[in-house]
Each structure stands twice: as structure tokens, then as C-alpha cells.
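Start from chain R and add chain C according to the hints.
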Amino acid sequence: MASLRDIKTRINSTQKTKQITKAMHMVSASKLSKAEEFAKAFDPYSDKIKEVVNSIAGSGQDAEHPMLQTREVKKTAYFVITADRGLAGAFNSGILREVYRTIQEKHQSKDEYAVIAVGRMGRDFFRKRDIPVLQEITGLSDQPNFADIKDLTSETVQLFIDEEIDELVIFYNHFISAISQKVTSKKLLPLTDLQEEAGGTKSTYEYEPNQQEILDVLLPQYAESLIFGALLDSKASEHASRMTAMKSATDNADELIDDLSLQYNRARQAAITQEITEIVGGAAALE
Amino acid sequence: MNTLTVSVVTPDGPVLEDSFEMVSCKAESGELGVLPGHIPLVAPLSISAVRLKGENPQRIAVSGGFLEVRPDKVTILAQSAERPDDIDIERARAAKERAERRLQAKQDEIDFRRAELALKRALNRIDVVENR
Chain R
1 MASLRDIKTR INSTQKTKQI TKAMHMVSAS KLSKAEEFAK AFDPYSDKIK
51 EVVNSIAGSG QDAEHPMLQT REVKKTAYFV ITADRGLAGA FNSGILREVY
101 RTIQEKHQSK DEYAVIAVGR MGRDFFRKRD IPVLQEITGL SDQPNFADIK
151 DLTSETVQLF IDEEIDELVI FYNHFISAIS QKVTSKKLLP LTDLQEEAGG
201 TKSTYEYEPN QQEILDVLLP QYAESLIFGA LLDSKASEHA SRMTAMKSAT
251 DNADELIDDL SLQYNRARQA AITQEITEIV GGAAALE
Chain C
1001 MNTLTVSVVT PDGPVLEDSF EMVSCKAESG ELGVLPGHIP LVAPLSISAV
1051 RLKGENPQRI AVSGGFLEVR PDKVTILAQS AERPDDIDIE RARAAKERAE
1101 RRLQAKQDEI DFRRAELALK RALNRIDVVE NR
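As you go down the protein sequences, you meet chains R and C in turn.
Per the working numbering: the first sequence ends with 287, consecutive numbering throughout.
Per the working numbering: the second sequence ends with 1132, consecutive numbering throughout.
For the record, the hints were derived by calculation from the structure and aren't laboratory data.
None of the values given here were measured: they were computed from a predicted structure.
Each residue gets a CB set at the ideal place from its N, CA and C atoms; glycine is no exception.
Incorrect hints may have been included.
What the hints assert, rightly or not - Some chain C residues close to chain R (C-beta under 10 Å, calculated; not the full set):
#1 Thr1010
#2 Gly1013
#3 Ser1024
#4 Ala1027
#5 Gly1033
#6 Leu1035
#7 Pro1036
#8 Gly1037
#9 Ala1043
#10 Val1069
#11 Thr1075
Stated by the list, open to error - Below, a list of computed lysine to aspartate or glutamate pairs in the EDC-like style, where the Cα atoms sit at most 20 Å apart:
#12 Lys110/R x Glu164/R
#13 Lys48/R x Asp1018/C
#14 Lys1073/C x Glu164/R
To be verified - Derived list of chain R stretches under chain C, where covered just means 3 residues or more per stretch with a C-beta under 8 Å from a C-beta of chain C:
#15 42 to 55
#16 142 to 151
#17 204 to 216
#18 235 to 249
The following block holds chain R by itself, in its conformation from the complex (with noise of 0.2 Å):
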């Protein structure tokens, strides 16, 4: 049996570790609640710009657009959004293991297909991998403004306007709850899934200059905004992610604290009981 003293050191460290983990916890529970308030700021905006593409897109007549237009796929670039640091359950795994898979089964080499990366987990997994990142950032704050990340959605919208790539697809965590968040993709580009949601226009509008000048305008706006809408909505994830993963490193702490402590009584009486019988052996002896 491990003596008293070994035990007690090992209660002594997962008691401070449970400090840390509770004080995490507790940091990603306010960033949450931030993370929560932020994602919901950005709804205006993201619900009226869908508003008016829609209108313009569902209008129908000679909205065309090589962002609307779906090409023959040379190039898949795939934009996943991971976080800077660990500790957070779930929540780098689960992307990386679905990128990955999804990699591996559509295509054979290597030109086909491209990463851009958020947060330094995704960018170093994909670097380990050998698989071509395209555009990077890390160390993005916790809440990131539209100006943050605003070069790289809008290079990477160039990059499809340029047909460098084909096709993008999005993978992030969706926040669904506090305690569950769930691994998404979607195609971003080309903007496909526009006029099926148009249904019942509420007005037409004029379009000054153009339709079509507008559309140049206002499209790639459309997909900076998705782009930031996916990075808000895993921000939350993240942080959601990481507290419950806190949470549940706390729980088995005390779990750990309790046994230990038993082990340690238990320890602690074996030494006085072993104690009194040598006093009353010896006092035996005396007699």
C-alpha cells in the first residue's frame, strides 16, 4: 500500500488541478456567454443581406453571376475552423477527423484540393499532414471583429472569383446548446442554395446603377458574411466546448479527491492500529 505521505502528495496535486480546471470553467463560461451576445449582434446584418440577395437572386431575369454558377470542380478548397489551443474536448478532433476523411475519399491527388485554415490547431494538423494550406490565421481573439479576419475572407472569396478554386466548402462547429455542439459543413461557393429560399418576395427593388453591378458588389459581401456568421457560431462552440470539458475534468477531480482521501484514512488508521498493537506487545512483554 502506498504510504501516507505518497497519498498525500497525490491529493495535494489534483487538488490544484482542480483549481485550474474550475477557474477554466469558469472563464469559458463568461466568454460563452460574450461569444452568445456577439453571434447574435451579427444576426441583423447576416438575415438582411440574405434578405436582399435573395430578393435580387429569386428576381430572377439575367441575375447571373460566376459566383451563382456551379463549374466543373478542378480545385476544392476546404475552409475549416478550428481553435488556437486545446484542452477543449471534443471540439479540434472532431473537425480535423472529418475534414480528413472527407480529403481522403474524394480525391486522389494532391492538386485537387486545398485548405485555408483558422486557429493554429487545424493549420499545424494539416502541416503535419503534408496537405497544402492556402491561406492561414491564428491567434484571433476571442471575440473577433468583422475587421479581423475581414483580408482573409475576402482573399479567399477572390481565390474563387479567380477560379484558383472551384468550390468551397465550410467545416465548423454549429452551437447548438451549451452542452451540444455539432461538427457542420456546408458549400459556400458557388452560391447555390439562393433562389430555392426566395419564395415570396416582399418587394422588387431598383437597382442603381444595375442588377448585375450590384450583384458584383453585394455577392462577395454575401460570403464574407457567411464566412464570419460560421467563425462567431464556432467561437461559441468553443468556448461552450472547452466548459464542458472543464466542467467534466473538475467532476472526475473530486472524484479522484474522494477516493483518495479513503485510501488515505484507511492508510492513516492501519498506522495508529498497528501502533496500539505494538504498545500493548510490548507492554505484554514487560509483564
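Here is chain C on its own, set in the frame of chain R:
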């Protein structure tokens, strides 16, 4: 006096929502004034100041935006939109100098375009603060 509701929305959240008598702004195709009862319209905005006229007039620096008009409501969607009070004038001045330096250095076309846009944004911000 008739008024129209103006709301300015960016990806980082709503900037402003209030009633005004007139919206006057610079679209890509030229100056545009919107009064209540305007026909529905969509127009992209250039990097410029949007002037909202009414009881308490406002100027807002927008970039990467467009305007959606309904008869009683105007929505401005922009990648960034700031009121004069929210603008960091020092940062704008620094951005202006940086952009000017870049424009002078001979570089490829993409960098040139970028610097040009950055300069426009900086000048626009400075202009909005100084003429508030």
C-alpha cells in the same frame, strides 16, 4: 414632417436606429438623396460619409456598404460604419500616413489597390470627425 426610419447595421452589431427626415449619401454611381416615400431601391455605397438629416443630424463614415430603401425605412449595411465619436482619429491619421507611404513606394498592383482603399477609408474617417 414625414420621417423615415434609418438603421445602420454592421457585422459587429447595429450602429444606429433612429428617425430622420432625409438620407443623403454617395453611391458608387453618384450622390443620392432619399426622402420618405422613396421607391424600393438598392445601391452600393462608396467609401464615404452618410449624412442623416433631421432633428439631430448625424454623419456616419461607412465603407464596404450598400443601401436598401423601402418607402418608410432605410437600411444601410456596411462592413464598417462609425459615428464621429467612435472614430479613433489618431489611428486614422496613422493609417493615412502609412497608406500614403505605400502609395509612393513602387509596388505591384494589388498592394497599390489596397493602399488606395486604405487611404480612402482613412481620409473618410478624418473628414467625418473634422466636419461633425
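Hint check results:
1. Thr1010: 6 Å, holds
2. Gly1013: This interface hint holds because 3 Å falls under the 10 Å limit.
3. Ser1024: Nearest chain R Cβ about 14 Å off; hint violated.
4. Ala1027: 6 Å, holds
5. Gly1033: Violated. Min distance 12 Å.
6. Leu1035: Result: violated, 15 Å to nearest chain R Cβ.
7. Pro1036: 16 Å, violated
8. Gly1037: Violated, because the Cβ-Cβ distance from Gly1037/C to chain R comes to roughly 14 Å (cut-off 10 Å).
9. Ala1043: 4 Å, holds
10. Val1069: 8 Å, holds
11. Thr1075: Result: holds, 6 Å to nearest chain R Cβ.
12. Lys110/R x Glu164/R: Cα-Cα ~14 Å, so holds.
13. Lys48/R x Asp1018/C: 17 Å, holds
14. Lys1073/C x Glu164/R: 40 Å, violated
15. 42 to 55: With 7 residues in contact (Cβ-Cβ under 8 Å with chain C), the coverage given for the region 42 to 55 of chain R holds.
16. 142 to 151: With 4 residues in contact (Cβ-Cβ under 8 Å with chain C), the coverage given for the region 142 to 151 of chain R holds.
17. 204 to 216: Held - the region 204 to 216 of chain R has 8 residues with a Cβ nearer than 8 Å to chain C, which meets the minimum of three.
18. 235 to 249: Contact hint for the region 235 to 249 of chain R vs chain C: violated, 0 residues under 8 Å.
Hints 3, 5, 6, 7, 8, 14 and 18, counting from the list given before, are not met by this structure.
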